[in-house]
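Enquirer: Chains as they are written, first to last, in my numbering: chain A, 4 to 1305; chain B, 2 to 129.
Just so you know, the hints here were simulated from the structure itself, not pulled from any lab data.
We put the CB at the ideal spot given by N, CA and C, even for glycine.
One should not assume that every hint holds.
Capping the alpha-carbon separation at 20 Å, the derived lysine to aspartate or glutamate pairs in EDC-like fashion look like this [said to hold, decoys possible]:
#1 A/LYS304 - B/ASP98
#2 B/LYS87 - B/ASP4
#3 A/LYS540 - A/GLU443
#4 B/LYS43 - A/ASP1249
If you only want the chain A side, here are some residues facing chain B, beta carbon under 7 Å, derived [said to hold, decoys possible]:
#5 GLN742
#6 THR745
#7 ARG1102
Here is how the chains run, residue by residue.
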Amino acid sequence: MRTSKDSSFVTYTSLAVNFIAILVVTGWIIGFDVLLAIVPGLPTMKFNTALGFLFAGLALTFLDTFRNGFNLPVQLFSVLTMLIGLLTLSQYAFGYSLGIDEFFFVDNISRVANAPYPGRMSAATATCFLLLGASLLIFSSSRVRLLPLAQYVLHLVSLLSFISLMGFFYQVPSSAKLPFFSTMAIHTSITFLLTSLAASLSRPHLGLVGFFKGRNLGTWLAKRLLPQIAFLVITLGFLMILSKRFGIVSVEFGISLQTISFLAICLVLILRVAFILNRVDTERQEAENQLSDLNQSLEEKIAERTEELNLLNERLQLATSSGNVGLWTIDIKDNFLDVNDALRKIWGFDPYEPISLDSLSKRTHPEDRARADKAFDLAVKNQLSIGLEHRIILPNKSIKYIKVNGVVHYDEQGNPFRIAGTHWDITEQKLFEISLEESEKRNRVFIEQAPSAIAMFDTEMRYLAASEKWKEDYGIKDKQIIGISHYDIFPEIVEDWKKIHTKCLHGAIDKVDEAPFNRADGSVQWLTWEVRPWYKKEGVVGGLIMYTADITSLKQKEEEKKRLESILEQASETANIGAWEVDLVNNTVYWDKTTKELHKVAADYEPKLDGAIQFFKEGESRQKIEAAVQNAILNGTPYDLEVELVTADGSTKWIRAVGQADFSNGVCTRLFGVFQDINQIKEAELNLKVSEEQFRGAFQYSAIGMALVSPEGKWKQVNSRVCEMLGYEEKELLQTTFQEITHPDDLESDLQLVQKVLSGEIDSYKMEKRYFHKKGNIVWVLLSVSLVRDADNQPLHFISQIEDVTERKATENALKEERKLLKSLIDNIPVNIYIKDLASRKTLVNRLEMEYSGFKKESEVLGKTDFDLYPAESANVSRQEDLEVFSTGKAILNKETINTRHDGSTNWFLSSKIPLRNDTGEIVGLIGISYNITARKLTERALQESEQRWQFALEGANDGVWDWNLATEEVFYSKRSLDMLGLSTKDAPNKSGAWDNRVHPEDKEAYFEEMQKHLRGESEVYINEHRVQHEDGHYVWILDRGKVTEFDEKGQPLRVIGTHSDITWRKEKEAQVRHSFDIISEQNKRLLNFAHIVSHNLRSHSGNLEMMINLIDMSSTPEEKEELIEHLAQISGSLSETITNLNEVVKIQVDINTQTEELSLKEYFVKTMRILSGDIKEKRARINLNIGDGVTITYNRAYLESILLNFLSNAIKYRHPERNPVVNIDFVESKNSKFLQIADNGRGIDLKLHKAKLFGMYKTFHGNADAKGIGLFITKNQVESMGGRIEVESEVGVGTTFKIYF
Amino acid sequence: MVDLACIIDDDQIYVFGLRKLIDFHKYSKNLLVFKNGAEAIKYMKPLISTSEELPDVILLDINMPVMDGWQFLDEFVKIKPMIKKKITIYMVSSSIDQADIEKAKTYQEVSDFIVKPVKEADLAKILG
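Between the sequences and the hints, there should be enough to build the whole structure, so can you do that?
Expert: Structure representation (structure tokens):
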């Protein structure tokens, strides 16, 4: 290293040499001897010597003065210097004279002193000139190998002149000196010394100067010790000579004294050096400690950095996920607007297009422009903050929503000077909000028009919408409720319900079949409800939807029924009807209060199975009841008997016993029934018998026929009416039996009845029968017969009442026949048929109509109006229709009507009412024919509801629907499905192929496969996610789901219905998340790797340091120590290099926001090739650069330089030993990627062995001495920090191809 | 004291230091030094049948050019069945990566993993 101090020394010395030379020359010219010898008597400097110095001085002056290798003056003067020396030496050598010695001046001084060669310089001087000239000549040339030699030659000149100088110093007599140095003048010696030193210093890196100029410990020691030793030794020598010269000590003593002094001095010096070395050692130890501290703190720092990087990464992710942020600043003074690239991108400005507040205003949506301009205006004029959202129109006419924020910046004096802010692109969010609003609006309309009670709430339970029915049900028809809290409208809502609502707002669904709602006015409303949340988007509840139904009237009916039942109970109690029950499983008997009273037992009496039977009167009564009970238990036959009971107080009582059995699994488990006190009835019967005689009187003159008939059938007594009726005289009749004159068809049934009466089975009977008139014609009679028994209960006679009904019967029969036919006809028509009179009373109903009215007998319905049968509301409508028919005389045909019955059930009918006219044409009523279409209606309505719900659900989910008929290959796509592809319903495809063709080629296979799988029945539901091409050309992600809903008779699928959901947004988010995750994992990996590298590389040096220090402690000889110290220096050098490298790497790792710019790839390659031109030429490398001029990449300038240099120099460095390197460079750009390809024909790398560590730090593979293993590591880090990657292909002995992706 | 120790390491300063330590304590009569695994294998292969010329102990670095410590071990495992002499191998590395230490355990030929710098106590244990 040549310092400026060295430079000035050289310059001044060369000037001094020239000056001395000129001074001496002047001395010669004017004959001033002092200048020639300095001290008279000493040798003089010869004129030729002075001339030589002049040449040497000039050569030194010009050395390094001229640049660009112009060395002619130096070479000329060097040669002249050499020449003077050479010529003079040749005279000494060959003993001849060339006449040059006194060529210019005669040397009188020498001649006076009788010197051998007057005017001739000494041989030493001549040698010095020769050497000096030669050295300078070499310095001026570029012969590198000779340079060290020249330096040592200069050292020789210094030595020679120094020896000569020492001669003068010790005042050695000329004769005692070597003849070689004999006549060198004192200033000649000095000048030589100066010149040679100056010349040496001009090349300070060479020879001993290099050594003294170094910074190693040895040099330092040498520099310190040498001057001290030299000074001491010279001084010692001088003292010795003095003492000897003055005879102070003897020669022997002097020598020993000198030796001892020398030893003592050396001892002192060595002690000093040792002391210094110890100090250095201590310092080094400290440095080492600091180094290991540094090592540790570095590791800690790396951990911290990792943390920071992770944090940064998170923020980065946040920033990228929320889109680009445009930044802007406005200078308040001149309204100058400055924006970043992101803002230009948002607004659709080109990168270099001038941009001002005006140009922003022009792109603002006309409707928002005034508002936006005003905000900016206010901000600039009044220094207000900005915060607004507005629309902008891009040059491509698309509309974007942006959010603008800005704040005022103040300078140090507090004056506003700038407004700065951001623009966020919030289009997506806005559009989403708008579509949400629309869907909410749709829902609201849907709800408002729903026929049932539905209301929709937001999360604060404020009404968003409510159906008319809702308002009606809750009596709030005229109230303004939208926007008002449900709880404000119904303050009576209890806390429990509010809790339910809160739960539902968290996603729960609540269903209640019936619950009372205590209204504020005191009334109670019975409700059934369903509360469920609705979703704004997946997982976000927007509020609640409530469906309710008012079931108050139903509830009231139930209450009514209960009340009726209790009335019934009370009624039976007053009728003296008692209930009983026998549980045959547990053998228990139950009697109610009345039954106990009938038996005249106490209220707490507990009847037993056996005991109960004992109450029946022994004999006939008990047998009868036992038989009946037995029969009931075995066969389930119910019984109804009149039997006598002996009550607890011993009295006898007639009761009616009714019983019935209950069966379970064919076994009778229970008997139950009632007892009725019929004692009074029985008594009355007996009383009747007593008044028989009174009856007799009335007999004869009765208006109806009366007869007494013997149990055998003989007429015993007849009144005149009977005789008249039958055409017989009384006498004639009394000789016959009733059997004789009874129509044979009726005889059998008559006799049976007679038998029954006789056996006591029945008491009396009534029948219509035919007698034969005496003339032979048939007489129809209504016969009532009862038996009179005597006191012993033996049959006495029958009393028959006979009424002639022949005439009535004839008409009746005809009518009956007709009616029967008609009745059976209309009864069997599955249509409700009825006839009403003018008062709308039913005069005829068919079976269906009767059953519909809830009756079992036609007679129960007849004569009743709709008001009797149905609630007033329905009846009114019907009556109105009737009146219309009566007044207009026109039939109502096939009108759809609704009828509600008392039980609340509603039926739909297709009704016709046709006026009924009598013979004179007067309207006397109407015929009604109603076809019950309730079932159809209900199905229809259920279908409609389910369809509506389904539609609503789909609309809410924003899903599309498709319906695929496999037989016809036709597909129906819903509007929403078509919307997803930007198709209108008009040009809707209706074949499955139309959708299939739009599916992304990469997704097609899986798409078809999934569908086939489902069609083959291998999957429950068909689900597939695929991309489908939008009409615009871009792809939309669709979640496609479907299910076979119909199969043909062979079980092959016939129809598939499914849905489409647009999941593009979700997919994009997924991709972003995946990408972020990859980046983070990659960085983590890099960080971990880096941490290992750092610890490993620092450790290896610190390990070596420790080892060396250990060894220094152990070493015994100074040489060993010195060697170790040299190693220490080496380690320190490598350590600092490692730290530099690591720092380089850290810089790449940390520098996330590396500046990038548009760079021409070709230009940079050319630059790199220029840098490597020496190598390229030397190694005969051929580089084929196949990159066009226009190829540019956005990259960091320094990284690109470093990357290209690295790959190119590697390609040459690791060339194949047997061929010249050829490197092909290409740039490949495809749709998805662009990369740079550098292919060489070099040695190649065994990727099997080395791929894993190819890009690792300090990894080398070829054993090249200059391979450091840092280049590829840094290159990889740089490429990756720019978001790219490196790929490598290689074959040993063939070559390596690197692909650098951008 | 062993007859023949062997160092396979490309760090010349480390080798120098280790050599000094071994000489000083006379841990080994002779010492073999190789710059990488390939050189060591090249030396050992022809001498498989001999005993004296094969080392008793090998101090093996991991990170070396041409053939690193792991690759050397893989090669060594191949020739090991033919070697009659018992050769003890120690991995010596400045790596404190747990993965390296774990990997070393998977080779039964490796006796121990020593983290650089090698202490005299370590040497005393494995060579003394």
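Enquirer: None of the hints should be skipped; say for each whether it holds.
Expert: Each hint, compared with the structure:
no.: 1; hint: A/LYS304 - B/ASP98; verdict: holds (18 Å)
no.: 2; hint: B/LYS87 - B/ASP4; verdict: holds (12 Å)
no.: 3; hint: A/LYS540 - A/GLU443; verdict: holds (12 Å)
no.: 4; hint: B/LYS43 - A/ASP1249; verdict: holds (19 Å)
no.: 5; hint: GLN742; verdict: violated (125 Å)
no.: 6; hint: THR745; verdict: violated (124 Å)
no.: 7; hint: ARG1102; verdict: holds (4 Å)
Consistency note: the structure conflicts with the earlier hints numbered 5 and 6.
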